[in-house]
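Asks: Letter 267 of the sequence shown, counting from 1, is numbered 271 in my numbering, and no numbers are missing.
The hints are simulated quantities; they were obtained by calculation from the structure and are not laboratory data.
Where is the CB? At the ideal position from N, CA and C, for every residue including glycine.
Errors might be hidden in some of the hints.
Result set (DMTMM-like, lysine to aspartate or glutamate): computed pairs, CA atoms no more than 20 Å apart in a straight line [as the list claims (entries may be wrong)]: (1) Lys396 with Glu290; (2) Lys300 with Glu376; (3) Lys307 with Glu160; (4) Lys167 with Glu290; (5) Lys455 with Glu410.
Label-pair distances were calculated between CB atoms; the ranges are [as the list claims (entries may be wrong)]: (6) Leu139 with Gln346: 10 to 20 Å; (7) Glu427 with Glu224: 14 to 24 Å; (8) Gly207 with Lys257: 46 to 56 Å; (9) Glu314 with Lys72: 25 to 35 Å.
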Amino acid sequence: MKSKLFNLSIICIFLAFAKNVKAKEHSLRVDEVLKSVKAYYPLVLKSLDELDSSKMEVLAAKGLFDSKLSVKKDQRVEGFYEADSIDAVATKPIKLLNGEVYAGFRSSDGNWPLYEGKKETLDEGEARLGLKLSLWRDSQIDKRRARLANETLSMEGSKANTKDVLLKSQAKAYAAYWNWVAKGQIFKIYEKLLEIAKERAIGLKKRIEKGDLAKIYGLENQQYIARRQSKAIKAERDFIQAGLKLALFFRDKEGRPVFVKPDRLPNINELEVKEAYLQENVDKVERALQLNPKLKQLGLKTKVLENEFEFERNKLNPKLDLRIEVSKDYGQGSRTLRAEEQRLALMLEIPIERNLAKGKSESTAAKRRAVEHQIKYLKEQLATNARAISVKLKSLSMELKNIKQEAELAQKLQAAERLKFKEGGSDFFVVNLREQDAADAKAKFFQRLSKYQETLAVYKQLIMDF
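Input sequences plus hints: build the corresponding full structure.
Replies: Next comes the structure, spelled out in structure tokens:
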């Protein structure tokens with residue numbers, strides 16, 4: 005029997021320990037929220053889909069260089085001449101000099117009129133191989149190459165945008181988490197303060213009933229209860245609202261917002277503000293400014309505009325195209341078709357009025373200069389913001405230290421006043437005042453802590469430290 009009781013005791017201790025461990029693990033951590041944002045936050049997922057779309061646009065632009073096969077069938081069905089022909093050509097665009105390589109085969113049968121004699125071949129057909137090149141206009145850049153280059157740059161811009169959206173979302177989530185923690189701690193402070201007043205009311209009632217204390221003390225305590233209840237109600241409302249905001253960032257595997265239960269609130273009484281954080285990340289600031297996603301997007305935009313400028317300026321040049329072709333007929337037939345043919349053709353086109361190309365190129369150049377001014381301003385703005393945030397964090401860190409000291413002193417005064425009251429050296433009014441001051445000082449600490457973490461979130465976003 006004793007053995008069974010001993011075993012039962014061990015099991016109970018184990019379950020109690022397991023329950024405590026589970027409760028400890030149950031507390032929500034900020035890294036859980038950040039991971040949820042990365043995996044399920046709609047704006048992050050939207051940016052990833054936009055990136056996928058950009059990648060497919062690059063693939064589509066590469067498709068402009070796809071090979072193709074075209075077949076043409078020509079048959080005279082009525083008239084003096086009876087003949088038919090078939091012509092198949094495979095072409096492959098190449099990037100060099102806006103070129104195109106092609107290979108073809110054609111075969112004809114019957115009698116062709118003299119004015120269509122080019123369609124005539126030997127009985128086994130004609131094979132040909134050719135090359136087209138742009139020697140002046142479109143030689144360095146053309147519509148296909150410009151589109152491929154710009155779509156590639158657009159894809160890089162989408163990558164930068166995805167990074168920017170993720171950083172912004174994680175910064176907001178980080179701030180929302182610490183706001184929820186702070187509001188939860190403030191609610192616990194005022195809830196505890198209310199409980200003290202309610203517990204005191206029981207003792208006061210007994211003393212009043214015994215005649216040891218005047219009824220006015222009971223009424224005064226009821227007034228304190230009402231005041232503290234108002235603060236507790238407001239603190240609870242703020243806590244719930246903070247939880248609702250946090251739910252936008254903390255989601256389940258289906259991507260649905262999760263309203264975090266109060267029992268998942270971390271048991272934090274104070275937070276050691278890491279002053280070394282700023283010093284540790286001084287070197288990151290300059291690097292982060294260079295790699296800033298917004299700056300990268302604008303830099304890529306200037307490259308797109310530069311490509312467009314070169315493409316439009318290219319149109320000012322004369323068009324000079326070269327075509328080289330080698331062909332050979334096989335089989336029996338006319339003696340004039342048996343020799344191998346080598347052909348070279350040049351085509352020249354000179355633009356006389358070039359207003360369209362001039363207007364487009366100069367307009368694009370102006371747009372590029374405008375973006376360069378925007379980049380300059382953004383660099384200055386980011387550098388200024390980095391310094392301002394650093395100063396603000398240091399100030400808030402010092403303020404938190406002072407408030408923490410204030411809260412500790414208020415706590416000591418509260419304890420001393422309660423002892424003094426028990427010994428008859430103080431009154432009920434002063435005790436209540438000390439309790440209220442101690443609670444307000446603690447609440448003030450968490451309010452400033454939330455502000456510190458909100459500012460830290462902006463700083464972490466700036467140096468890309470999520």
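Asks: Work down the list of hints and note, for each, if the structure agrees.
Replies: Status of the hints after comparison with the structure:
1. Lys396 with Glu290: holds (18 Å)
2. Lys300 with Glu376: Distance of about 12 Å is within 20 Å: holds.
3. Lys307 with Glu160: Status holds; Cα separation ~11 Å.
4. Lys167 with Glu290: The hint holds at about 18 Å.
5. Lys455 with Glu410: Measuring from Cα to Cα gives roughly 18 Å; hence the hint holds.
6. Leu139 with Gln346: 10 to 20 Å: holds (19 Å)
7. Glu427 with Glu224: 14 to 24 Å: Holds: the Cβ-Cβ distance is about 20 Å, inside 14 to 24 Å.
8. Gly207 with Lys257: 46 to 56 Å: At 51 Å between Cβs, range holds.
9. Glu314 with Lys72: 25 to 35 Å: holds (27 Å)
Of the numbered hints stated above, none is contradicted by the structure.
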